[in-house]
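> Residue numbers (this note's numbering), protein chains in the order written: chain G, 1 to 221; chain F, 1 to 221.
There may be inaccurate statements among the hints.
Claimed, not checked - Keeping only pairs whose Cα atoms sit at most 30 Å apart, straight-line, the calculated DSSO-like set for lysine-lysine is:
1) LYS13/F / LYS49/F
2) LYS70/F / LYS136/G
3) LYS154/F / LYS62/G
4) LYS62/G / LYS3/G
5) LYS163/G / LYS154/F
6) LYS70/F / LYS163/G
7) LYS13/F / LYS110/G
8) LYS77/F / LYS67/G
9) LYS136/G / LYS179/F
10) LYS179/F / LYS98/G
11) LYS163/G / LYS13/F
12) LYS207/G / LYS136/G
13) LYS207/G / LYS77/F
14) LYS136/G / LYS182/F
15) LYS62/G / LYS7/G
16) LYS3/G / LYS98/G
17) LYS77/F / LYS179/F
18) LYS110/G / LYS98/G
19) LYS154/F / LYS67/G
20) LYS110/G / LYS49/F
21) LYS8/F / LYS49/F
Simulated from the structure, these hints should not be mistaken for lab results. Remember, it's a predicted structure, so these values are computed and weren't measured experimentally.
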Amino acid sequence: MNKTWWKILGSVLVVYTAIAGLLLGVPRLPILNESIRNLYFHVPMWFAMIVLFSISVFYSIKSLSSKSEIDDMKAVESVNAGIIFGLLGLVTGAIWAKYTWGQFWSFDPKQNFAAISVLLYFAYLILRNAIDEEQKRAKISAIYNIFAFPMMVVLLFVLPRLKDSLHPGNGGNPGFNSYDLDSRMRMVFYPACLGWILIGYWVYTIKFRLRSLQNRQQQSN
Amino acid sequence: MQLANEVKYLIHKEVLLEWRSKYTINGVLLYVVSTIFTCYLSFVSLGDKLAWNALFWIIILFASINGVSKSFLQETKGQQLYSYVLASPAAVIISKTVYNVLLMLVLTTIALGFYTLVFDSFTPPDLLLYYVAVVMGSISFSTVFTMVSAIASKAGNGGMLMAILSFPIIIPVLILLIKLAKNAVDGLPWENSYDEIGMLLVVNVLTVATSLLLFPYLWRD
């Protein structure tokens with residue numbers, strides 16, 4: 001029970017937000033209307049992605065000094081899990097954009113920057129594939145991961161503020177805080193963020209365990 | 001003090017090597033000039049100043065990838081080992097970065113001169129601000145590409161890896177630069193550009209700091 005309580009908590013929270021997010025009341029706003037519910041499913045993906053990429057940078061820094069294979073494996077598996085959430089964030093955003101902006105992809109700055117930051121991590125995975133020697137691969141990819149992380153932070157958090165965007169919360173469009181005058185949405189949004197972060201972490205631990213089992217199997221053969 | 005001496009000596013070596021062969025500087029200059037001509041022939045009907053501005057930055061981007069990537073990719077394993085024995089890793093990365101900044105400053109200044117000469121109608125009303133953008137561009141391209149070319153050369157798969165790894169990192173910088181240059185083309189007052197100049201400085205400081213921290217790990221084999 002000690003080790004599984006957060007998994008249960010994560011699952012319960014995600015199931016709760018899926019039901020409550022679709023059934024509970026939301027403020028009626030022009031243009032957004034019912035599509036405002038996408039907040040519960042779109043924004044938590046980015047939170048989970050950021051948490052997973054931060055875990056990856058943490059283990060990359062650790063693997064540079066410890067040179068241990070386990071740290072390297074943790075770094076790459078958290079990137080793998082983070083990319084899933086990044087792609088889900090892009091897809092949920094695009095579906096929402098189809099119904100509010102009229103197109104899946106309208107080259108809005110926020111869409112572009114999110115896509116570029118996912119590309120950054122695809123580049124990381126390709127860099128890993130390009131190197132055969134394991135220790136060299138661990139070292140060089142850890143260096144690229146640490147080097148790229150500040151750029152991702154600039155892309156996702158700083159640049160969108162300098163540009164005009166149609167995205168809620170940017171360029172004079174109302175953000176989450178101004179929708180939510182009656183605090184009804186907070187009851188779902190905060191649990192959704194926590195739940196998806198926990199699920200993301202769970203996905204990462206499963207991927208890591210799978211990878212280490214595969215490695216052990218290869219070594220024993 | 002010893003670091004400063006080493007850096008001075010290594011920069012002197014780089015300049016001397018380049019001065020003897022004049023390969024990089026002439027090669028990249030010819031590349032820039034022929035690209036400008038090709039673009040002129042293909043887009044001759046394009047009257048829009050902003051499109052010419054974007055085109056200028058694309059030309060500079062590819063020229064600097066070609067110019068800067070030589071710094072590490074060109075060196076043989078023996079040469080790298082030799083400078084590893086003689087100098088500290090910090091001195092190596094600082095000298096390469098400074099040398100590349102100097103090289104890019106020369107190249108981009110000549111390219112801007114040629115561009116304004118050929119496209120008489122392009123000449124921005126605020127040439128000084130445009131030149132500030134060009135200087136900031138040469139500095140940021142050099143700092144980012146020097147570190148990425150070090151990573152790509154260690155991965156041992158030159159050209160393609162260099163492009164894949166550097167594009168996602170350079171795109172935020174490029175967006176800021178095009179915005180800054182657009183302000184100059186539109187002839188806006190300088191106060192409107194302080195945000196972009198400040199952001200570019202922050203990005204450069206971040207890049208140089210992470211390169212200095214990470215390069216010693218990369219250098220050791």
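> Please write out, lowest number first, the hints stated earlier that are contradicted by the structure.
1, 5, 6, 7, 9, 11, 13, 14, 16, 17 and 21
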